[in-house]
Amino acid sequence: MENKLRQMLTREMVRLEVPALLSPEDVIRYSGKILVEAGKVEEQYVNEMIESYRKLGPYMVMAPGLAMPHARPGGNVKEPCISFVKLKEPVNFRHPCNDPVKIVFALGGVSDNGHIELLQDLSSLLAADKMIEKLSAVNTYEELIELIEKEARE
1 MENKLRQMLT REMVRLEVPA LLSPEDVIRY SGKILVEAGK VEEQYVNEMI
51 ESYRKLGPYM VMAPGLAMPH ARPGGNVKEP CISFVKLKEP VNFRHPCNDP
101 VKIVFALGGV SDNGHIELLQ DLSSLLAADK MIEKLSAVNT YEELIELIEK
151 EARE
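Number 27 in full-length UniProt numbering belongs to position 27 of the sequence shown; there are no gaps in the numbering.
Don't take every hint at face value.
The following label-pair restraints were derived from C-beta to C-beta distances [said to hold, decoys possible]:
no., residue 1, residue 2, range
1, P96, G75, 17 to 23 Å
2, E89, S123, 34 to 40 Å
3, K130, S23, 37 to 43 Å
4, S23, E154, 32 to 38 Å
5, E12, N47, 18 to 24 Å
6, G75, R153, 17 to 23 Å
7, E51, Q7, 26 to 32 Å
8, D26, N139, 30 to 36 Å
9, T140, N47, 27 to 33 Å
10, E146, K88, 19 to 25 Å
11, E149, C97, 30 to 36 Å
12, K55, S123, 22 to 28 Å
13, E149, S23, 19 to 25 Å
Okay, derived cross-link-like pairs now, SDA-like style, lysine to any residue, Cα gap no bigger than 20 Å in a straight line [claimed, not checked]:
no., residue 1, residue 2
14, K33, A20
15, K102, N92
16, K33, E12
17, K102, E154
18, K78, E48
19, K78, S23
20, K4, E154
Hint data in this document are derived by calculation from the structure and do not stem from the laboratory. On a predicted model such as this, the values are computed, not experimentally measured, just so you know. The beta-carbon is built from N, C-alpha and C at its ideal position, and this holds for glycine as well.
Please take these sequences and the hints and turn them into a complete structure.
Here it is as structure tokens:
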């Protein structure tokens, strides 16, 4: 089976050692802007991700050190997409037990089930032993892809 995550995480969708993001909103805006610049989502989708955080709180902090910003699928997403951001300095999202966040996967879906394969690949990756630690140790795009491909094979 082809790995959707590997297919979507092109070099333009990845940023490593991102400095000076001070708030959850900064992190969401930054990771969402990657999707906008790649032509995958409209700017409005980034605003919706930030609004979701403001309304619902840190629900997007899925595991210790890991956030997955997203908003409801809809017309502001042109195609299923994902960006990967590794923060230089972790950011507190005010989550009761999973702060601070250092790894961010921003997701865009066009329908509720349109990005299921991507989420399955991402879930499989994140379920691997010590994966968030491994992602935190990645220093190059090549290391990230090698890690994803290695986990997909196992």
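Hints, verified against the model:
1. P96 / G75: 17 to 23 Å: violated, 34 Å
2. E89 / S123: 34 to 40 Å: At roughly 27 Å between Cβ atoms, S123 and E89 fall outside 34 to 40 Å, so the hint is violated.
3. K130 / S23: 37 to 43 Å: 28 Å Cβ-Cβ, so the 37 to 43 Å window is violated.
4. S23 / E154: 32 to 38 Å: About 36 Å separates the Cβ atoms of S23 and E154, which means 32 to 38 Å holds.
5. E12 / N47: 18 to 24 Å: holds, 22 Å
6. G75 / R153: 17 to 23 Å: With a Cβ separation near 37 Å, G75 and R153 fall outside 17 to 23 Å, so the hint is violated.
7. E51 / Q7: 26 to 32 Å: Once the Cβ atoms are compared, 29 Å apart, the range 26 to 32 Å for Q7 and E51 holds.
8. D26 / N139: 30 to 36 Å: Between D26 and N139, where Cβ atoms are some 22 Å apart, the hint is violated.
9. T140 / N47: 27 to 33 Å: Distance hint for T140, N47 holds at roughly 32 Å.
10. E146 / K88: 19 to 25 Å: About 21 Å separates the Cβ atoms of E146 and K88, which means 19 to 25 Å holds.
11. E149 / C97: 30 to 36 Å: Holds, at about 31 Å.
12. K55 / S123: 22 to 28 Å: Holds, at about 25 Å.
13. E149 / S23: 19 to 25 Å: Violated, at about 34 Å.
14. K33 / A20: Judged against 20 Å, a Cα distance of about 16 Å means the pair holds.
15. K102 / N92: holds, 9 Å
16. K33 / E12: holds, 11 Å
17. K102 / E154: Outside the cut-off at roughly 25 Å; violated.
18. K78 / E48: holds, 15 Å
19. K78 / S23: Not satisfied, since the Cα-Cα distance of roughly 27 Å exceeds 20 Å.
20. K4 / E154: Judged against 20 Å, a Cα distance of about 16 Å means the pair holds.
Violation of the numbered hints given earlier is confined to hints 1, 2, 3, 6, 8, 13, 17, 19; the remaining hints are satisfied by the structure.
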